[in-house]
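Enquirer: Sequence:
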Amino acid sequence: MATFVLIHGAWHGGWCWRKVVPLLESRGHTVVAPDLPSHGDDPASPVTVTLASYAERICEVVAAQKEPVILLAHSMAGVVITQAAEICAERVRALVYLTAFLPRNGESLMTWSEQDPGSLLNGNIVRAMDGAVNFRPEAAHAAFYANCTAEDEAFAVSRLMPQGVGPFADTVTTTPERWGGIPRYYIECVRDRAINLPLQQAMHSASPCRKVFSIDTDHSPFFSAPEELVRILLEIEEDSELGS
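Residue numbers are given in UniProt numbering: position 171 of the sequence shown equals residue 171, and the series is strictly consecutive.
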């Protein structure tokens with residue numbers, strides 16, 4: 001059995017894993033799905049968040065677990081787990097990037113997002129306040145939830161929150177010995193319109209992963225394909241144990 005720590009992406013909260021958590025728990029695994037600072041039920045202001053504060057939160061969560069964890073990131077959080085894993089590498093068994101940004105040393109989320117001109121993120125991010133942005137709710141279906149049920153989409157859209165912009169531009173600092181020494185896996189989402197498939201493939205080609213999986217769905221497989229996502233996570237759990 002393993003401990004999974006699931007990290008949500010921009011505008012979202014730990015609530016996005018509500019279908020995945022019970023599926024993993026029913027198979028005997030421990031699952032933690034925390035809110036990053038300013039997300040979900042966390043009271044911090046979005047204008048105060050940085051990549052460092054996100055990474056610190058993850059390392060706190062990881063340190064509280066009884067064993068090294070399988071650390072999974074969705075979307076923006078790929079940058080966050082990359083930095084966190086460098087800091088607390090000893091507490092991370094494997095890294096999983098779920099249609100997530102996968103930066104190399106010295107790169108940021110924006111290093112890669114600027115290479116995806118067809119992304120539906122473009123033109124749909126609007127100012128919420130100084131230092132924070134919203135995503136246009138009318139664009140959320142096409143960008144995030146195209147293959148989700150109407151119920152799941154409504155649940156998610158009603159919970160989207162302002163996103164601090166600091167973590168978009170902050171660069172990661174990693175080393176081959178720490179972040180680079182942790183087995184990493186990539187899960188592509190073939191129909192993703194927020195992080196298009198060619199960009200996903202470019203990132204995991206630049207930072208080769210132990211295994212690459214694909215799901216034929218949108219940006220939000222935790223809603224649109226939870227059973228298939230969990231099947232892959234169970235395979236990763238077994239593979240990372242064999243390779244440890």
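Just so you know, the hints here were simulated from the structure itself, not pulled from any lab data. Virtual Cβ for every residue (Gly too), placed ideally from N, Cα, C. Don't take each hint at face value.
[To be verified] Below, computed lysine-lysine pairings styled on DSBU-like, alpha-carbon distance capped at 35 angstroms:
#, residue 1, residue 2
1, 19, 211
2, 66, 19
3, 66, 211
[Said to hold, decoys possible] Label pairs and their computed distance ranges (CB to CB):
#, residue 1, residue 2, range
4, 42, 90, 31 to 39 angstroms
5, 211, 159, 40 to 48 angstroms
6, 177, 241, 43 to 51 angstroms
7, 173, 48, 26 to 34 angstroms
8, 198, 44, 16 to 24 angstroms
9, 159, 127, 42 to 50 angstroms
Enquirer: With reference to the structure, classify each hint as holding or not holding.
Expert: Hint check results:
Distance hint between residue 19 and residue 211 is fulfilled; the C-alpha atoms sit about 24 angstroms from each other, no more than 35 angstroms. Of the pairs offered as hints, the one joining residue 66 and residue 19 holds, with about 24 angstroms between alpha carbons and a cut-off of 35 angstroms not exceeded. Restraint check for residue 66 and residue 211: the C-alpha separation of about 26 angstroms stays at or below 35 angstroms, so the hint holds. For the pair residue 42 and residue 90, the beta carbons lie near 26 angstroms from each other, so the given range of 31 to 39 angstroms is not met.
At about 32 angstroms, the beta-carbon gap between residue 211 and residue 159 misses the expected band of 40 to 48 angstroms. Between residue 177 and residue 241 the C-beta distance comes to about 22 angstroms, which lies outside the given range of 43 to 51 angstroms. Range check, residue 173 to residue 48: about 21 angstroms between beta-carbon atoms, so the 26 to 34 angstroms window is missed. Range check, residue 198 to residue 44: about 35 angstroms between beta-carbon atoms, so the 16 to 24 angstroms window is missed.
The hinted window of 42 to 50 angstroms between residue 159 and residue 127 is violated, with their beta carbons roughly 20 angstroms apart.
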